[in-house]
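**Student:** Sequences listed follow chains A and B, in order. Residues 266 to 585 (the numbering used here) are what the first sequence spells out, left to right. Residues 266 to 585 (the numbering used here) are what the second sequence spells out, left to right.
Simulated from the structure, these hints should not be mistaken for laboratory data. There may be inaccurate statements among the hints.
A pair holds if it fits inside one copy or across any two, identical chains being indistinguishable in the list.
[What the hints assert, rightly or not] Straight-line C-alpha distance at most 20 Å; calculated EDC-like pairs for lysine to aspartate or glutamate:
1. K325 <-> D396
2. K356 <-> E277
3. K569 <-> E322
4. K362 <-> D454
5. K392 <-> D328
Source: prediction; values computed, not measured.
Protein chains: 2
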Amino acid sequence: MHSPTALQALIEKAIPQIDYPKYPVDLYAPIRYIMSLGGKRIRPVMVLMATELFTTEIEKAMDVALAIETFHNFTLVHDDIMDNAPLRRGKQTVHEKWGVNNAILSGDVMMVESNKHLSKVAVNVLKPVLDTFNATAQGVCEGQQLDMEFEQRNDVSIAEYLEMIRLKTAVLLGGAMKLGAIVGGASADEAELMYNFGENLGVAFQLQDDVLDVYGNPEKFGKQVGGDILANKKTFMHLKTLALAEVEETPYLTSVGGNQEDKIAQVTQLYNKYQIRELATLEMDKYLEKANTALDTLNVPEEKKTYFRELVQQILERDR
Amino acid sequence: MHSPTALQALIEKAIPQIDYPKYPVDLYAPIRYIMSLGGKRIRPVMVLMATELFTTEIEKAMDVALAIETFHNFTLVHDDIMDNAPLRRGKQTVHEKWGVNNAILSGDVMMVESNKHLSKVAVNVLKPVLDTFNATAQGVCEGQQLDMEFEQRNDVSIAEYLEMIRLKTAVLLGGAMKLGAIVGGASADEAELMYNFGENLGVAFQLQDDVLDVYGNPEKFGKQVGGDILANKKTFMHLKTLALAEVEETPYLTSVGGNQEDKIAQVTQLYNKYQIRELATLEMDKYLEKANTALDTLNVPEEKKTYFRELVQQILERDR
Chain A
266 MHSPTALQAL IEKAIPQIDY PKYPVDLYAP IRYIMSLGGK RIRPVMVLMA TELFTTEIEK
326 AMDVALAIET FHNFTLVHDD IMDNAPLRRG KQTVHEKWGV NNAILSGDVM MVESNKHLSK
386 VAVNVLKPVL DTFNATAQGV CEGQQLDMEF EQRNDVSIAE YLEMIRLKTA VLLGGAMKLG
446 AIVGGASADE AELMYNFGEN LGVAFQLQDD VLDVYGNPEK FGKQVGGDIL ANKKTFMHLK
506 TLALAEVEET PYLTSVGGNQ EDKIAQVTQL YNKYQIRELA TLEMDKYLEK ANTALDTLNV
566 PEEKKTYFRE LVQQILERDR
Chain B
266 MHSPTALQAL IEKAIPQIDY PKYPVDLYAP IRYIMSLGGK RIRPVMVLMA TELFTTEIEK
326 AMDVALAIET FHNFTLVHDD IMDNAPLRRG KQTVHEKWGV NNAILSGDVM MVESNKHLSK
386 VAVNVLKPVL DTFNATAQGV CEGQQLDMEF EQRNDVSIAE YLEMIRLKTA VLLGGAMKLG
446 AIVGGASADE AELMYNFGEN LGVAFQLQDD VLDVYGNPEK FGKQVGGDIL ANKKTFMHLK
506 TLALAEVEET PYLTSVGGNQ EDKIAQVTQL YNKYQIRELA TLEMDKYLEK ANTALDTLNV
566 PEEKKTYFRE LVQQILERDR
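Chain A on its own, in the form it takes in the complex (with noise of 0.2 Å):
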């Protein structure tokens, strides 16, 4: 089995040989731009760790695991043009330094590069591949969706929330590690378990982004501490915490301006009145559980499975 370590070095020297058209220039440089902004690059080692739980032969899994970086990629591009962000992995978005007009085009042409990618898988899976592909996108779209839609309501529940994660987040965690498999020659319920451990997974993995926000380490965090509560994003801890303070608190959660250190100390402190880093533990904990149970059915040799009970111990860990 390779590490997940000496998968990513393997995504990692073969992205920049993706043979994208030279012409047009600026059509195709946001492309080769935002691909080599690096990244732990989760989702295609996720698709080959999957396919190589059923075969050797990861390398027949390549074009599968391109396409879903490709795609992923895609949507950062799109989803960085309407949230306006500058900066990407502390570099330009690529609407930043190409334009919107260029960023929703190369976009496009991503999603068509995925495509490419997918169609090369072989015949007797192409179409469980694209099916699984598609609904997974698809998915994916519907999570941005919610997510933008979320923004302009106060009304947000949590479980809508926790659906709303899902479709951004896990569903494409859930279908890299189908893909592989699929690829590698699972069967069809073997495909579905393995869905069901990287969705799970996926939904505790956000649960424990929204903890790490608050309780993160800076330095390993990787992005402003606090982040989510200066933007009264709507997460499950400050929806947690809207349905259990006193009215008088909840203006903490949703004021807008002032002071920003204040404002991250006094929700900071909300959230530990209410014990809620501790609630959303409990909740990521039963994503992790039901993943834990999708690798526990899964039929082969436990010794093959050591990579993907990591992942799961490594949110469990993670800076608790």
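Knowing the structure of chain A, use the given hints to seat chain B on it.
**Tutor:** Structure of chain B alone, referenced to chain A:
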């Protein structure tokens, strides 16, 4: 053989039956809206026409026809954002009605919907169908990129313009024809001939559209006569005139502001002086001849080609 009108009726019947998800409402409402705005459904009709050259079972091609129409409408949604267009077919554009972010995202999900339609074709043609569709989609994006870039440039050559309209407009007609042929059971050579027919027809169609912008019957044309002139659009006619006119005449072509009727009259006078309409028609005829040659070479009974010959004839005769 079904007439194009009969095929259009089949498309019009199929579109409202497409089963989009209900939720999130504002992600899918724009798709139903743009798909219902009508138009002549030229591209999906072409898919079905091409299929019927090779099989009587045209229903085999309906999914591909809907994929092509959905993709075409997706390009309209995103192009209208880029062009900042308020109206499409006399109605509000999607981004005017739902906002830019929503329009970006609904467009994205239309691309997924196109791919979902495509994935339903028979497995034995799935791979060539995907390859053809992806090459087509990529070409259309490249054409849109060139079109945007040309607005900012003052050194666009006629060859570049022809390449731009080939990509932006003609490749999709070629792709529609080729996809229909593949699904109908055509050989690779036959499918390629259909592509050539469609692509050459498409370039001729766009050149005709440029001519009609100036010389069209306002009641039949459906757009503002002189619209390209007022926008200083770098069409074949514009570029040819720039190449032929005296230095003191070129400011008429490139002026901004001023009286609109005067500008249209002045530029039309220049076009008349340099016989630009005739030159454009000669250029168009080259492409129509190539389209006819592709049709001649195709080894199917001549009576099956009737409606294809009429497509060529319609361009030859339209408002001359």
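**Student:** Work down the list of hints and note, for each, if the structure agrees.
**Tutor:** For each hint, the structure was consulted:
For a Cα distance limit of 20 Å, the shortest separation of K325 from D396 qualifies both inside one copy, at 18 Å, and across copies, at 19 Å. With identical chains, the CA atoms of K356 and E277 are at most 20 Å apart within one copy only, with a shortest distance of 18 Å there and 47 Å across copies. In this assembly of identical chains, the alpha carbons of K569 and E322 lie at most 20 Å apart only when taken from the same copy (15 Å versus 49 Å across copies). In this assembly of identical chains, the alpha carbons of K362 and D454 never lie at most 20 Å apart, being 45 Å within a copy and 43 Å across copies at closest.
In this homomeric assembly, K392 and D328 come within 20 Å of each other (Cα to Cα) both inside a single copy, at 15 Å, and across copies, at 15 Å.
In this structure, only the earlier hint numbered 4 is contradicted, and the remaining ones agree with it.
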